[in-house]
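Q: Single-letter residue listing:
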Amino acid sequence: MDVVTKKIKLSTKGDTDIINITAETASAVLNTGLKNGSVTIFVPGSTGGITTVEYEPGLVDDLKAFFEKIAPKSGAYQHNIKWQDGNGYSHVRASFLGPGITVPFIDNKMQLGRWQQIIFIDFDNRPRDREIIIQIIGE
Amino acid sequence: MDVVTKKIKLSTKGDTDIINITAETASAVLNTGLKNGSVTIFVPGSTGGITTVEYEPGLVDDLKAFFEKIAPKSGAYQHNIKWQDGNGYSHVRASFLGPGITVPFIDNKMQLGRWQQIIFIDFDNRPRDREIIIQIIGE
Amino acid sequence: MDVVTKKIKLSTKGDTDIINITAETASAVLNTGLKNGSVTIFVPGSTGGITTVEYEPGLVDDLKAFFEKIAPKSGAYQHNIKWQDGNGYSHVRASFLGPGITVPFIDNKMQLGRWQQIIFIDFDNRPRDREIIIQIIGE
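Residue numbers (this note's numbering), protein chains in the order written: chain A, 0 to 138; chain B, 0 to 138; chain C, 0 to 138.
Since the hints were made in silico from the structure, they are not lab data.
In this text the structure is predicted, and so the values were computed from the model without any measurement.
Cβ coordinates follow ideal geometry from the N, Cα and C atoms, glycine included.
Any given hint could turn out to be false.
[Stated by the list, open to error] Taking lysine-lysine and the DSBU-like style, the derived pairs with C-alpha atoms no more than 30 Å apart in a straight line are:
1) B:Lys-12 to C:Lys-81
2) A:Lys-81 to C:Lys-63
3) B:Lys-5 to A:Lys-5
4) C:Lys-108 to A:Lys-6
5) A:Lys-108 to A:Lys-72
6) C:Lys-34 to A:Lys-68
7) A:Lys-68 to B:Lys-63
8) A:Lys-63 to B:Lys-34
9) B:Lys-68 to A:Lys-108
10) A:Lys-108 to B:Lys-108
11) B:Lys-72 to A:Lys-68
12) A:Lys-72 to A:Lys-34
13) A:Lys-6 to C:Lys-12
14) B:Lys-108 to C:Lys-63
15) B:Lys-34 to C:Lys-34
16) A:Lys-108 to B:Lys-34
17) C:Lys-8 to A:Lys-108
18) B:Lys-72 to A:Lys-72
19) B:Lys-12 to A:Lys-108
20) A:Lys-34 to B:Lys-81
21) B:Lys-8 to A:Lys-108
22) A:Lys-12 to B:Lys-81
23) B:Lys-34 to C:Lys-5
24) C:Lys-68 to B:Lys-34
25) C:Lys-5 to C:Lys-63
26) B:Lys-63 to C:Lys-12
27) B:Lys-8 to A:Lys-72
28) B:Lys-63 to C:Lys-81
29) A:Lys-34 to B:Lys-68
30) B:Lys-72 to A:Lys-63
[Claimed, not checked] Restraint-style ranges between C-beta atoms, simulated for each label pair:
31) A:Gly-32 to C:Ala-64: 44 to 50 Å
32) A:Lys-63 to B:Ser-73: 15 to 21 Å
33) B:Glu-55 to A:Ala-22: 38 to 44 Å
34) C:Ala-22 to B:Lys-34: 25 to 31 Å
35) C:Gln-83 to A:Leu-29: 52 to 58 Å
36) A:Ser-26 to C:Ala-64: 39 to 45 Å
37) C:Lys-63 to B:Arg-113: 24 to 30 Å
38) A:Ser-26 to C:Ser-10: 21 to 27 Å
39) A:Lys-63 to C:Lys-8: 38 to 44 Å
40) A:Glu-130 to C:Lys-8: 32 to 38 Å
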C-alpha cells in the first residue's frame, strides 16, 4: 500500500466556473503505477467544490442555472453584510456541494462511467489561482 | 492493508428510483474479513447518486418530492435542447448529490446509525441496469 | 499503512446546529503520527451531515437560511404523517448534504484552505448527543 499526492494548478474565471479535471486526475492515477485503490480529489478553500457530470456545454449551463436558482448571487447574505466581499452565495454553494469526492480505481483505471467527468467548480466571485489535491491510496 | 473490490448489479426503474443497498454493502465488508478501514460506494455514470437515509416509505417519497422541487423534471434544460433525451433534470440532480460516499468500518462493521441506510438513487428518466462499485480498504 | 479511529463526542442543540470540529479532527490526525493519508469524518445517524465552511457567524446564519429555504421545517413531509416526530425536514437536509467527507493530509497536516473549517450539522429537531467517527488511513 502506498500514498501518492499530486497537485493540479488551475487559473479560474470564478463565478461558478466549471472546469473538467478528469484527464489530469486519470494521469495522476496512471503515473502511480498502483493497481487498485481510491483517489480523493479535494479543494482547499471554502468557495470551491468537486463533483462529476457529463461535461458538455448544455449541462455546464444547466448546473450554473441550478446554483443560481437555489443560492442566488444577489440574495441577502449575512456574510456580505459583515465582510463586504459579496461572495456569500459562493460560500453557501460550496458548502452544500462539498469540497471533495473519492473515486475507486481498478487495474490502474478510475471507475467512472463512459460520459462521467470529474469537475472542479470555482464559486468565488472573482478569478482565482487554485491548487486541487489529488491523493491516491492503493497497492 | 488490503484493497478489495466488489460490484453490486441492479436493475432500476429510473426516474429517481431509490434503492437500499445496505445489506449488500455490509455483506461485502464482512466477506473481506478486514477488521478496520473504510468502504467507498460509488456509481459509475452521471445520472446516479449515493447517500444515506432512514429508509422508510415516507422519507423515500419526501426525497423524491424534494428533488422534484429543486430540479424539476419539466424544467428548461439546455441539455434537453441539445440532446433531446429529456434527462437534463437527472444529470443536475446527480451532480449536486454526488456519485459516492465513504463509510468507516470498525471490527468488520460499518459505523452507520441504527436507522441509517445506504441508498443508490437512479435519477435517469428510464429503467437502467447499473453496477455499483464497493471498494474496501483496510487491515 | 495504518488505520486509526477516533470518536468525537458532542452535545448539540439540534435544529440545524452547526458545530466546528476542525480542531478535534486536526488533533486526531496529529496524534496518529502518520505522515501522509486521508481522514474520513462521518456521522452515524440519518439526521446529521458533514461539510466545510468558512466558520463565521454570518455564514452560519446564511447556511441555516439556505437549508430552511430549500427544505423548510414546516413543509409537508410524509415522514411526519407516518411517524409524528416532526423531523422530516431534518432527514431530507441530511440526505442531500451527505453523512461524511474525506480530507487528505500531507506531512501530518490536513490540506484545508486557510479559512476552511470542518463542520458537523445536527439537523434533528431536538438536542442530541452525537459521536462523530474520525477515521485516519495513512503511512
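Q: Compare the structure with each hint and give your call.
A: Each hint tested on the structure:
1. B:Lys-12 to C:Lys-81: holds (25 Å)
2. A:Lys-81 to C:Lys-63: Holds - the C-alpha atoms of Lys-63 of chain C and Lys-81 of chain A are around 16 Å apart, at most 30 Å.
3. B:Lys-5 to A:Lys-5: Holds, at about 27 Å.
4. C:Lys-108 to A:Lys-6: The given pair, whose Cα atoms are some 15 Å apart, holds under the 30 Å limit.
5. A:Lys-108 to A:Lys-72: Between Lys-108 of chain A and Lys-72 of chain A the Cα gap is close to 38 Å, so the pair fails against 30 Å, i.e. violated.
6. C:Lys-34 to A:Lys-68: With a Cα-Cα distance of about 42 Å, the restraint between Lys-34 of chain C and Lys-68 of chain A is violated, given a limit of 30 Å.
7. A:Lys-68 to B:Lys-63: Cα-Cα ~19 Å, so holds.
8. A:Lys-63 to B:Lys-34: With Cα atoms ~43 Å apart, Lys-63 of chain A and Lys-34 of chain B exceed 30 Å; violated.
9. B:Lys-68 to A:Lys-108: Given pair Lys-68 of chain B, Lys-108 of chain A is violated - Cα atoms ~36 Å apart, limit 30 Å.
10. A:Lys-108 to B:Lys-108: OK: Lys-108 of chain A and Lys-108 of chain B at ~28 Å, within 30 Å.
11. B:Lys-72 to A:Lys-68: With Cα atoms ~15 Å apart, Lys-72 of chain B and Lys-68 of chain A stay inside 30 Å; holds.
12. A:Lys-72 to A:Lys-34: This hinted pair is violated, its Cα atoms lying about 43 Å apart.
13. A:Lys-6 to C:Lys-12: violated (39 Å)
14. B:Lys-108 to C:Lys-63: Violated - the C-alpha atoms of Lys-63 of chain C and Lys-108 of chain B are around 33 Å apart, more than 30 Å.
15. B:Lys-34 to C:Lys-34: holds (22 Å)
16. A:Lys-108 to B:Lys-34: holds (26 Å)
17. C:Lys-8 to A:Lys-108: violated (38 Å)
18. B:Lys-72 to A:Lys-72: holds (24 Å)
19. B:Lys-12 to A:Lys-108: Holds, because 29 Å separates the two Cα atoms, which is no more than 30 Å.
20. A:Lys-34 to B:Lys-81: Violated: Lys-34 of chain A and Lys-81 of chain B sit about 38 Å apart, past 30 Å.
21. B:Lys-8 to A:Lys-108: Within the cut-off at roughly 20 Å; holds.
22. A:Lys-12 to B:Lys-81: This hinted pair holds, its Cα atoms lying about 25 Å apart.
23. B:Lys-34 to C:Lys-5: holds (15 Å)
24. C:Lys-68 to B:Lys-34: violated (42 Å)
25. C:Lys-5 to C:Lys-63: holds (28 Å)
26. B:Lys-63 to C:Lys-12: holds (28 Å)
27. B:Lys-8 to A:Lys-72: Between Lys-8 of chain B and Lys-72 of chain A the Cα gap is close to 41 Å, so the pair fails against 30 Å, i.e. violated.
28. B:Lys-63 to C:Lys-81: holds (16 Å)
29. A:Lys-34 to B:Lys-68: Since the Cα atoms of Lys-34 of chain A and Lys-68 of chain B sit roughly 42 Å apart, the hinted pair is violated (cutoff 30 Å).
30. B:Lys-72 to A:Lys-63: holds (17 Å)
31. A:Gly-32 to C:Ala-64: 44 to 50 Å: holds (48 Å)
32. A:Lys-63 to B:Ser-73: 15 to 21 Å: Because 19 Å falls inside the window, the suggested range holds.
33. B:Glu-55 to A:Ala-22: 38 to 44 Å: holds (42 Å)
34. C:Ala-22 to B:Lys-34: 25 to 31 Å: holds (29 Å)
35. C:Gln-83 to A:Leu-29: 52 to 58 Å: At roughly 54 Å between Cβ atoms, Leu-29 of chain A and Gln-83 of chain C fall inside 52 to 58 Å, so the hint holds.
36. A:Ser-26 to C:Ala-64: 39 to 45 Å: holds (41 Å)
37. C:Lys-63 to B:Arg-113: 24 to 30 Å: With a Cβ separation near 27 Å, Lys-63 of chain C and Arg-113 of chain B satisfy 24 to 30 Å, so the hint holds.
38. A:Ser-26 to C:Ser-10: 21 to 27 Å: 46 Å Cβ-Cβ, so the 21 to 27 Å window is violated.
39. A:Lys-63 to C:Lys-8: 38 to 44 Å: About 41 Å separates the Cβ atoms of Lys-63 of chain A and Lys-8 of chain C, which means 38 to 44 Å holds.
40. A:Glu-130 to C:Lys-8: 32 to 38 Å: Given range 32 to 38 Å: holds, Cβ gap about 34 Å.
Hint compliance for this structure: hints 5, 6, 8, 9, 12, 13, 14, 17, 20, 24, 27, 29, 38 are broken, all remaining hints hold.
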